[in-house]
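K.L.:
Listed below, chain by chain, are the residues.
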Amino acid sequence: MPGRFHFNPQAPDPIYRQLMAQVRRLIASGQLAEGDELPTVRAIAAAHAVNAMTVSKAYAMLEAEGVLQRNRGAAMTVAAAGQQSAEPQALIAPAIAQLVEQARQLRLTPEQVLEAVAAQFNTKNSSQGEAE
Amino acid sequence: MNAALIETEGLTRHFEGHGYALSGVSLRLEAGATLGLIGRNGAGKTTLIRTLLGLSIPDAGSVKLFGEDARTLSTAAKQRIGYVPQQSGLPGGYTVAGMLDMYRGWQPKWDQAYAIALMERLQLVSNQRIGDLSVGQQQALALVLALAHRPDLLILDEPVAALDPIARRTVAAILAEQQAETGMSMLFSTHILSDLERLATHVALLDHGSLRFVREVDALKDDIELWRLPAGVAVKNVPDFPGLLRRISEPAPAVLVDLAQGASREALESQLSGALQVQKLTLEDFVVESLK
Chain G
12 MPGRFHFNPQ APDPIYRQLM AQVRRLIASG QLAEGDELPT VRAIAAAHAV NAMTVSKAYA
72 MLEAEGVLQR NRGAAMTVAA AGQQSAEPQA LIAPAIAQLV EQARQLRLTP EQVLEAVAAQ
132 FNTKNSSQGE AE
Chain U
287 MNAALIETEG LTRHFEGHGY ALSGVSLRLE AGATLGLIGR NGAGKTTLIR TLLGLSIPDA
347 GSVKLFGEDA RTLSTAAKQR IGYVPQQSGL PGGYTVAGML DMYRGWQPKW DQAYAIALME
407 RLQLVSNQRI GDLSVGQQQA LALVLALAHR PDLLILDEPV AALDPIARRT VAAILAEQQA
467 ETGMSMLFST HILSDLERLA THVALLDHGS LRFVREVDAL KDDIELWRLP AGVAVKNVPD
527 FPGLLRRISE PAPAVLVDLA QGASREALES QLSGALQVQK LTLEDFVVES LK
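Chains G and U are the protein sequences, given in the same order.
When you line the first sequence up against my numbering, it's residues 12 to 143, in that order.
When you line the second sequence up against my numbering, it's residues 287 to 578, in that order.
Same shape as in the complex, but just chain G:
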C-alpha cells in the first residue's frame, strides 16, 4: 500500500503537494473509498525515503479539507466528504488553469476560449455519436 505512491523530488511541486494530489486521484478513481485506511506516516516515510513531517503535513492538509479523517490511535481514513471533494470539477481545475494561462499568453478573450471549448465538445459528441 505505501508503494502506491510515487514521488519525484526534482519536480517543481513540493513532495507534500505530490502526495496530496495522488491521494485525491486514488479517491477519484475509486481505488480508495470512504472508510479505507491510508498507510501510516512512518510507512510512507520509510518506503519512499521522504521526511515524515512532509507526509504529516500532506495528511493534515487533506484532513483540513475534509478529504481524510483522523481516528484516535488508528490509521487515517478516507472521509465521507472525501469522495465529494474528489468531484470531477475539482479534478479538472488544474487543466483549466493551464488552459487559461496559455490563452492569456496568446491574448485570447474568455469568449473566444469558451467558443473553442464548445466547438471541441461538439466535435467529440458528434464523432462519438457516429461511433455508436
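Since the hints were made in silico from the structure, they are not lab data.
Heads up, the beta-carbon is just placed ideally off N, CA and C, and yes, glycines get one too.
Check before you lean on any hint, since a few could be wrong.
[As the list claims (entries may be wrong)] Chain U stretches covered by chain G per the calculated footprint, using a threshold of three residues with CB under 8 Å from any CB of chain G:
| hint | region |
| --- | --- |
| 1 | 322-333 |
| 2 | 383-396 |
| 3 | 484-495 |
| 4 | 558-564 |
[Said to hold, decoys possible] Now the stretches of chain G that chain U is said to cover, found in silico as 3 or more residues with beta-carbon under 8 Å:
| hint | region |
| --- | --- |
| 5 | 50-57 |
| 6 | 78-91 |
| 7 | 111-117 |
[Said to hold, decoys possible] Residues from chain U that keep clear of chain G, each with C-beta distances beyond 10 Å, as calculated:
| hint | residue |
| --- | --- |
| 8 | 296 |
| 9 | 418 |
| 10 | 438 |
| 11 | 462 |
| 12 | 465 |
| 13 | 480 |
| 14 | 538 |
On the provided structure of chain G, position chain U as indicated by the hints.
P.N.:
Just chain U now, with coordinates in the frame of chain G:
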C-alpha cells in the same frame, strides 16, 4: 522553553590570506527540523560543520548545542549527537565488529541489535577489515556508528557522496525511518539535491562563507518563480518591484521572483503591457540562478 538544537550567532572564521571561511553565520535548527546545507566546493560547509561540533574554533561568534556552549559541551549533550565526517578516518586495522564494540563501550545508549540490523541493510560484514572496505562502505560504517545510539541530532558532512545510487537510497530510507520514529533532527551538507528534497525541511545556501538564505524547502518551491518577459521587452527595462530577486538576460529575458516577498504578476504585466510566461523552478535551478 526548549532550546534550539543548534543556534549560532555571527560565526566568523578567517583563512590566512584567503579572506573568510565563514562570515557572520547565524542559524537555528529547531527540534524535528532537518537542514540541508548546500554551496559550491570551498563555500565553507565543512568549516561550518566542524565549528558547530567544536572541532574548529571560530574567530568570532558563538555556537550553542541544546542550549549549551559548544566549546564546553557536557557529556550528556555529546551523547545526544551523531556525526559522520566527510572522510570517515576510521582505523584500517580494525574489523567492522571491532569498531562496533569500541563505540558500544563509549555510548551508554548504544543499541547493538539496531547496529547489526543497519549493518546488514548496508551489506557490511562484521569480520571485514576496515582497511579493505571501499570508501563508500567506510562511509556506510561511519553512518552505523553515528546512528546506533539513536541521536537526537545527526550531523553529516557529504554523507552519500561516495555511495552508489542503491546504497544512497538505502541510507536515505534509514534516515527517513529514524526521523519518523524518534523525531531526530539532522543537519547535512550535500551536492545531491534530490536527497535534500526528500529529507530536509529547510535548506541553507552558503556562498563564500556567508549564508545567502535559509528557507523551508516547501515554501521555496511554492514561492519562487521565473517569469519570462513579453517579446521585445529588455531585462534592463524592468523596473524594481517587491519580490524581484534577479534580472536574467540569458538564455531569454526573465526575472526571478519571490511570491512571499509580494511579487505581483498582474502589477508587472500592466507595467510592461504584456503577458509574462510563468515557469516554476526546481531547487536545483534556483540554486544555480542564485549563485550566478
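K.L.:
So residue 438/U supposedly isn't at the interface. Is its beta-carbon more than 10 Å from every beta-carbon in chain G?
P.N.:
Since the minimum Cβ distance to chain G is about 15 Å, residue 438/U lies beyond 10 Å and the statement holds.
K.L.:
If we take the beta carbon of residue 462/U, is the closest beta carbon in chain G still more than 10 Å away?
P.N.:
The claim is violated: residue 462/U sits with its nearest Cβ about 5 Å from chain G, within 10 Å.
K.L.:
Taking a Cβ-Cβ distance under 8 Å as contact, does the region 322-333 of chain U have three or more residues in contact with chain G?
P.N.:
This one is violated; 0 residues, fewer than the three required, reach chain G with a Cβ under 8 Å.
K.L.:
Count the residues of the region 383-396 of chain U whose CB lies closer than 8 Å to any CB of chain G, then report whether that count reaches three.
P.N.:
As far as the region 383-396 of chain U goes, the hint is violated, because 0 residues have Cβ atoms under 8 Å from chain G.
K.L.:
Apply the coverage criterion to the region 484-495 of chain U and chain G: a residue qualifies when its Cβ sits closer than 8 Å to a Cβ of the chain, and three qualifying residues are needed.
P.N.:
It holds: at least three residues are needed, and the region 484-495 of chain U offers 4 whose Cβ sits within less than 8 Å of chain G.
K.L.:
Just want to verify: residue 538/U was marked as not at the interface with chain G; is every Cβ pair farther apart than 10 Å?
P.N.:
The assertion about residue 538/U holds, with a minimum of 14 Å to chain G.
K.L.:
Taking beta carbons only, do three or more residues of the region 111-117 of chain G come closer than 8 Å to chain U?
P.N.:
Satisfied; 3 residues make the cut.
K.L.:
Verify this for me: three or more residues of the region 78-91 of chain G with a beta carbon less than 8 Å from a beta carbon of chain U.
P.N.:
Answer violated; 0 residues pass the 8 Å Cβ test.
K.L.:
Check the non-interface label on residue 296/U: least C-beta distance to chain G beyond 10 Å or not.
P.N.:
holds, 29 Å
K.L.:
Per the stated criterion, does the least C-beta distance between residue 465/U and chain G lie above 10 Å, as a non-interface residue requires?
P.N.:
violated, 5 Å
K.L.:
For the region 50-57 of chain G, does the count of residues with a C-beta closer than 8 Å to a C-beta of chain U reach 3?
P.N.:
Held - the region 50-57 of chain G has 4 residues with a Cβ nearer than 8 Å to chain U, which meets the minimum of three.
K.L.:
Would you check chain G against the region 558-564 of chain U, counting CB to CB pairs closer than 8 Å, and say if three or more residues qualify?
P.N.:
The restraint on the region 558-564 of chain U holds, since 3 of its residues have a Cβ under 8 Å from chain G and three suffice.
Hint violations for this structure: numbers 1, 2, 6, 11, 12 and 13, all remaining hints satisfied.
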